[in-house]
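J.: Chain residues, written in single-letter form:
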Amino acid sequence: DTGVSQNPRHKITKRGQNVTFRCDPISEHNRLYWYRQTLGQGPEFLTYFQNEAQLEKSRLLSDRFSAERPKGSFSTLEIQRTEQGDSAMYLCASSLVSGRIGELFFGEGSRLTVL
Amino acid sequence: AQTVTQSQPEMSVQEAETVTLSCTYDTSESDYYLFWYKQPPSRQMILVIRQEAYKQQNATENRFSVNFQKAAKSFSLKISDSQLGDAAMYFCAYRSTGTASKLTFGTGTRLQVTL
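Line by line, the protein sequences give chains A and B. Going by our numbering, the letters in the first sequence line up with residues 1 to 115, in that order. Going by our numbering, the letters in the second sequence line up with residues 1 to 115, in that order.
Keep in mind the hints are simulated off the structure, nothing from the lab. Heads up, the beta-carbon is just placed ideally off N, CA and C, and yes, glycines get one too. Worth double-checking, as some hints may not be accurate.
Short derived list, chain A residues pointing at chain B, Cβ under 8 angstroms [claimed, not checked]:
id: 1; residue: 39
id: 2; residue: 45
id: 3; residue: 52
id: 4; residue: 53
id: 5; residue: 56
id: 6; residue: 70
id: 7; residue: 99
id: 8; residue: 104
id: 9; residue: 106
id: 10; residue: 107
id: 11; residue: 108
Listed next, the in silico BS3-like pairs over lysine-lysine satisfying Cα-Cα at most 30 angstroms (straight line) [claimed, not checked]:
id: 12; chain 1: B; residue 1: 78; chain 2: B; residue 2: 55
id: 13; chain 1: B; residue 1: 55; chain 2: B; residue 2: 102
id: 14; chain 1: A; residue 1: 14; chain 2: A; residue 2: 57
id: 15; chain 1: B; residue 1: 102; chain 2: B; residue 2: 78
id: 16; chain 1: A; residue 1: 71; chain 2: A; residue 2: 11
id: 17; chain 1: B; residue 1: 70; chain 2: B; residue 2: 55
id: 18; chain 1: B; residue 1: 102; chain 2: A; residue 2: 11
id: 19; chain 1: A; residue 1: 57; chain 2: B; residue 2: 73
id: 20; chain 1: A; residue 1: 57; chain 2: B; residue 2: 78
id: 21; chain 1: B; residue 1: 102; chain 2: B; residue 2: 73
id: 22; chain 1: A; residue 1: 71; chain 2: B; residue 2: 102
id: 23; chain 1: B; residue 1: 55; chain 2: B; residue 2: 73
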């Protein structure tokens with residue numbers, strides 16, 4: 001068990017470019033979450049999947065954001081036409097449906113800087 | 001919508017001493033879960049302790065314990081015998097029983113541990 005893995009760890013991009021982040025959850029975990037964390041703030045919920053189904057999306061997830069979890073394994077979070085306000089740490093977490101309620105296993109995050 | 005408030009941006013404690021981190025929340029629900037998560041510098045966030053609102057007994061995990069005051073909507077974390085490894089950001093989080101998995105986090109408290 002290598003934990004939740006996120007790539008890339010850091011991404012610097014110019015405004016208007018598209019970026020994609022990948023998350024590999026703990027192998028047997030069927031739930032996967034994306035959170036966004038800006039400086040001085042706690043993580044904010046973006047979306048979550050149970051297996052391959054995207055079950056909830058935050059209003060924070062504008063139409064420039066899209067997340068997928070094909071085959072219920074890894075997940076990708078794509079941000080199109082990035083804006084400076086998208087600069088943040090993007091956290092992925094996973095959990096078991098049968099696990100302790102609220103116990104999420106987080107990755108180290110992918111830091112996005114939009115110039 | 002539920003909100004979580006952590007009014008102490010930073011706290012400091014001497015090694016081996018005890019420190020209490022504060023958290024208040026706002027909800028109209030009667031049943032829910034509360035958590036404290038720890039985020040060490042440049043490392044992933046981990047669950048420290050959880051409390052189920054329908055349980056009157058305060059949760060305890062080794063050196064970590066909570067003071068859950070449901071009527072006051074207060075949920076503080078006490079760290080006893082503080083260690084250097086306790087230095088981190090601590091986030092209080094709330095989870096409804098109705099929603100599948102979304103956690104609502106506070107803004108965090110940075111804990112420094114001094115010799």
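J.: Going through the numbered hints above, which ones does this structure break? Give me the numbers in ascending order.
T.: Hints 1, 3, 4, 6, 7 and 20 contradicted; others consistent.
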